[in-house]
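Engineer: Take a look at the letters that make up each chain.
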Amino acid sequence: MSYCKQEGKDRIIFVTKEDHEAPSNAELIEDDPNDPYEDHGLILPNGDINWNCPCLGGMASGPCGQQFKDAFSCFHYSKEEVKGSDCVENFRSMQECMQKYPELYPQEDDNDSAPSGGADNAPTASTSTDSLPTSSPDSTPAATENPAAS
Amino acid sequence: LVTESVVEASVPESIIEVSVTEPVAEAPAVTQTAVSEPAPAAEPVESTAAHSDVPEHAPYLLIGGGTASFAAARSIRARDPGARVLIVTEESELPYMRPPLSKELWFSDDPKATETLSFKQWNGKERSIYFQPPSFYVSPTDLAKVENGGVAVLTGRKVVHMDVRENKVKLSDGAEISYEKCLIATGGVPRNLQVIDRAGEEVMKRTTLFRKIEDFRSLEKISREVKSITIIGGGFLGSELACALGRRSTDLGLEVIQMFPEKGNMGKVLPEYLSNWTTEKVRKEGVNIIMDAVVKNVSYKNDKLEIKLKDGRLIETDHVVAAVGLEPSVELAKSAGLEVDSDFGGYRVNAELQARSNIWVAGDAACFYDIKLGRRRVEHHDHAVVSGRLAGENMTGASKPYWHQSMFWSDLGPDVGYEAIGIVDSSLPTVGVFAKATAKDTPKAATEQSGTGIRSESETEAVAVTLKAETTAPPPPVQQKEDYGKGVVFYLRDNVVVGIVLWNVFNRMPIARKIIKDGEQHADLNEVAKLFNIHED
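Respectively, the protein sequence lines represent chains Y and D.
Heads up, the first sequence is in full-length UniProt numbering, so the first residue is 1 and it goes up one at a time.
Heads up, the second sequence is in full-length UniProt numbering, so the first residue is 1 and it goes up one at a time.
It is worth saying that the hints were derived from the structure and are not from the lab.
Treat the hints loosely; a few may be bogus.
What the hints assert, rightly or not - Interface residues of chain Y toward chain D, partial, derived using beta-carbon atoms under 10 Å: (1) G8; (2) E38; (3) D39; (4) P102; (5) L104.
To be verified - Simulated crosslink set (DSS-like; lysine-lysine; CA at most 27 Å straight-line): (6) D/K296 <-> D/K308; (7) D/K308 <-> D/K281; (8) D/K268 <-> D/K281; (9) D/K263 <-> D/K296; (10) D/K268 <-> Y/K9; (11) Y/K9 <-> D/K281; (12) D/K517 <-> D/K400; (13) Y/K9 <-> D/K263; (14) Y/K9 <-> D/K517; (15) D/K372 <-> D/K400; (16) Y/K100 <-> D/K125; (17) Y/K9 <-> D/K372; (18) D/K263 <-> Y/K5; (19) D/K514 <-> Y/K17; (20) D/K145 <-> Y/K100; (21) Y/K5 <-> D/K268; (22) D/K227 <-> D/K281; (23) D/K145 <-> D/K168; (24) D/K281 <-> Y/K17; (25) D/K514 <-> Y/K9; (26) D/K168 <-> D/K158; (27) Y/K5 <-> D/K281.
To be verified - Derived DEER-like restraints, expressed as beta-carbon distance ranges: (28) D/D343 <-> Y/P45: 36 to 46 Å; (29) D/E176 <-> Y/S85: 46 to 56 Å; (30) D/P510 <-> Y/P36: 18 to 28 Å; (31) Y/E30 <-> D/A523: 17 to 27 Å; (32) Y/R92 <-> D/G82: 19 to 29 Å; (33) Y/S2 <-> D/R191: 38 to 48 Å; (34) Y/S85 <-> D/K268: 54 to 64 Å; (35) D/R224 <-> Y/S2: 47 to 57 Å; (36) Y/H40 <-> D/A351: 15 to 25 Å; (37) Y/N46 <-> D/S357: 21 to 31 Å; (38) Y/D86 <-> D/R191: 57 to 67 Å.
Keep in mind that this is a model prediction, so the values were computed, not measured.
Even glycine gets a Cβ: it sits at the ideal position worked out from N, Cα and C.
Put together the whole structure using the sequences plus the hints.
Structural biologist: If you want it as structure tokens, here you go:
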């Protein structure tokens with residue numbers, strides 16, 4: 001059973017696993033998927049690409065940002081049966097640009113560097129070295145970065 | 001890789017964000033000589049080299065080269081194709097992140113870490129503290145011409161005057177730059193104790209005010225040379241540095257003392273029982289803690305520093321680190337005619353981070369209106385990222401208020417890991433819900449009390465072994481009956497949860513953020529606590 005104590009203005013409750021088994025009756029407000037203030041994921045409610053998504057790392061903002069945007073936009077809106085097959089030129093430009101900045105866009109050996117319009121994957125070089133890691137720590141156990149890092 | 005996440009459009013943001021934290025395998029070796037601008041390695045550019053490299057105009061001018069500024073630069077570039085962004089920074093460094101300076105860089109077993117400023121992340125991958133290597137940036141002289149725009153960084157230059165009427169700034173070397181949109185992200189400088197300020201050269205020479213890369217390098221060197229270091233301040237920075245130094249203390253034969261006026265570490269942040277618990281952990285990292293310590297006087301005697309406390313206690317040490325807060329940098333307020341907040345310090349801006357037309361402020365220096373939590377100023381890394389990004393969005397035509405609540409975290413050695421969000425002020429009433437150790441957990445009680453057992457459960461065997469090897473001799477059984485191993489603490493204002501600390505429970509930040517966003521009055525916080533599944537890993 002849980003027990004509880006008060007230390008001045010601070011209340012402390014100890015609960016066992018069993019105490020917390022029953023589902024919570026706390027009420028949360030339903031989220032509005034079209035809330036203009038909310039940050040969005042990769043795709044905005046209107047179907048456009050959110051270039052500012054942290055998930056893209058520095059891809060849209062670096063020296064090859066324009067080429068990346070062109071290639072990925074083309075792929076995103078491609079209506080071809082083999083999606084993106086009409087974007088070969090864009091991907092080639094992007095690869096050409098990225099090859100000029102190996103530090104930012106390291107090429108992996110087994111990466112499919114030729115744009116494959118055929119596959120579901122939009123081929124890209126590895127993500128840039130950029131990240132703002134703690135802008136997205138929600139899914140990363142940030143606190144474990146320390147001890148595990150040593 | 002971006003590949004998978006880019007295609008799966010329906011994947012929620014939080015999952016996508018995880019993949020971003022994996023950098024490429026090798027951290028670029030960033031050396032000063034690799035910097036493309038003319039600024040020399042460690043010193044600011046002299047005025048004779050002057051104006052030749054300074055652009056006359058920058059459509060986007062970002063004052064300050066820290067985390068908020070970099071986040072804004074990225075946001076602007078993502079949203080405005082071909083944007084030309086100029087960052088002007090006093091420092092001689094390209095933009096970098098601060099948290100590793102008081103955490104990861106101290107724990108690296110790479111002897112070159114101090115030089116390269118690279119560290120291993122929790123997932124084993126190396127990364128540099130620099131957000132981007134030099135090749136990411138365009139040189140200031142090329143900024144106006146380069147085809148698709150870019151981000152240029154002018155180092156070693158300070159903006160000393162801002163003319164809002166004419167939309168231009170003046171630099172320390174006399175050069176002028178006009179702008180269309182401007183971000184002020186000047187951060188702050190570490191506060192010092194008045195008694196040290198007045199104590200003279202010999203004391204100041206032996207005092208570190210910790211904030212920048214050079215402070216880290218300097219302190220790291222000092223830690224190998226002296227016999228005793230005293231940290232004054234019991235908050236985030238002071239406690240993290242104390243733990244970092246404490247961990248090295250045995251190997252280095254170094255005495256580490258930490259003193260502060262509160263009753264325990266993080267006394268202004270954590271409720272007393274957790275502050276006490278944290279203090280015990282810091283002690284176990286090898287730190288000699290002196291609480292209720294108010295420094296009255298610091299003097300230099302016989303090649304030592306002598307710290308005299310108000311209650312008469314005398315402490316002898318070789319070097320002092322003052323970690324007593326940050327003074328936001330608002331020097332441009334006067335010339336720019338910008339308002340400075342008298343309660344929190346910093347430039348006063350609205351909910352959309354705007355000070356005036358075409359001028360935004362983000363990061364440590366921004367005192368902003370938070371629609372949910374009220375006017376505040378936040379000095380954490382994630383806030384710099386979130387506010388920098390938001391400022392960048394608004395500078396490129398959005399009109400969004402501060403809405404996505406930033407978070408923060410602290411590591412104080414292998415036993416204390418917490419993440420927090422919102423207003424986490426120990427003067428508020430709190431309700432803490434902790435997992436009670438059950439009968440079947442008892443055999444682990446000894447390790448549970450030190451926290452190593454909890455950590456080992458969630459890590460792989462290899463990591464667990466590493467951790468155990470690094471802890472000092474088995475700690476004596478903790479006297480207190482309760483063990484605050486893991487749980488969640490709610491901070492209340494008028495019965496509404498305004499802040500949450502996730503104590504040794506991870507990956508629950510989205511639900512914490514949601515509860516704060518809702519701003520509801522919950523009758524039973526234990527029911528709210530259930531949403532966190534604290535008994536699971």
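Engineer: When the structure is checked against the list of hints, which entries are broken? Sort them ascending.
Structural biologist: none
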